[in-house]
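Q: These protein sequences, in sequence, are chains Y and S.
Following my numbering, the numbering of the first sequence begins with 1 at its first residue and continues without gaps.
Following my numbering, the numbering of the second sequence begins with 212 at its first residue and continues without gaps.
Just so you know, the hints here were simulated from the structure itself, not pulled from any lab data.
Yeah, the Cβ is synthetic: ideal placement off N, Cα and C, and Gly gets one too.
Among the hints, erroneous ones may be present.
[To be verified] Chain S regions said to be covered by chain Y (calculated; three or more residues, Cβ under 8 Å):
#, region
1, 258–267
2, 314–324
3, 327–341
The lines below spell out each chain.
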Amino acid sequence: MKNIISLSAFIVLSFIISSLLLAQGEEKTPKNVIMGTVERGLKVLKNASLKENEDVSEYKKKLWENIEPIFDLKVVSRRALGRYWRQCDDKQREEFTQVFTEILKNIYLDKSFSYSGEEIIFIREDIQGNRSKVQTEFITKENKKISVDFSMYKTENNWKIYDVAIEGVSIIGNYRSQFNSILNNASFNDLIKKLKEKKGKLIKSEQKGKL
Amino acid sequence: MKKANIEIIVGIFVLLGLISMAYVSINLGKVDFFENGYYPIKAKFTSVTGLKTNTSIEISGVPIGKVTDIKLKDYQAEVTMLIKNGVEIQDDAIASIRSKGILGEKYISVSPGASDIILKPGDTLFDTEPSIELLSLIKKFAL
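Chain Y on its own, in the form it takes in the complex (with noise of 0.2 Å):
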């Protein structure tokens, strides 16, 4: 009778541990973390896309909230402003991640409520040390595959995104090639100025889009 109490109390305890380094597994390899933020975002558009004419803002803001905390966003700035981070003070630095995060935000996250039923596919992960890239396949309606790569870097206890390569074009490669053309013949507040200008116009095209 003790044999089998203990037996089963063991098998209990050695399925706690495996279940639980499985969740903790699945959170930690960067494909997980990618096809994982992918399914529950589909699953917030899939909802939004059901309920036409209705305000998405709420489901923006979820889309957000699913999404941000996979993304390093000063990273991201930092690499999108390249060398010239480098010669900003902190304030600069700050004001230029927090400028840009609006737009990449309003950008992308409307970009995003145009899914209409794509499918999206792991194709291969490469960790390299610290460093991982996954590449996954978006499946258009057409039967078109467009590549989409999605570059990581590990932190404490996760992996966080810090570039998007579309058809192998890297989305913060591209904006820091125009970033660093409009710098190198104006100033910082020149190219802030710039980018909250975009900001007002992406808000009032989202606005009126609302109209």
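Based on these hints, arrange chain S on the given structure of chain Y.
A: Frame of chain Y, contents of chain S only:
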């Protein structure tokens, strides 16, 4: 004695001639036997279509090195690049394969990053952009 002297002088002239010929051909052929003044770094690309060895590597259009080796590793292209000593490549720099004009030759453009970590000889540059095939892009997005 005199004859021997003339032979030595002729020998020296021939030797000098050979040295100058070797110097001219090495310089014109851009042969660098010892790769002095350069350090190697690697970069992995998903595609290097059109990229050849000896292709130049540039920052802001200024040559800073060249490609010395391209090989297949884990079904991806691993490119070895020699970078001029004194040119620092940050660990968040991006290496992109670009073309000179629409049909022009390929080269690697490096966009400097903001990181404090500088790549050491033998390190790998993680962030890369592969060569873009214009036709396949047009097929996907325009048609």
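Q: Looking at the structure, which of the earlier hints fail to hold?
A: 1
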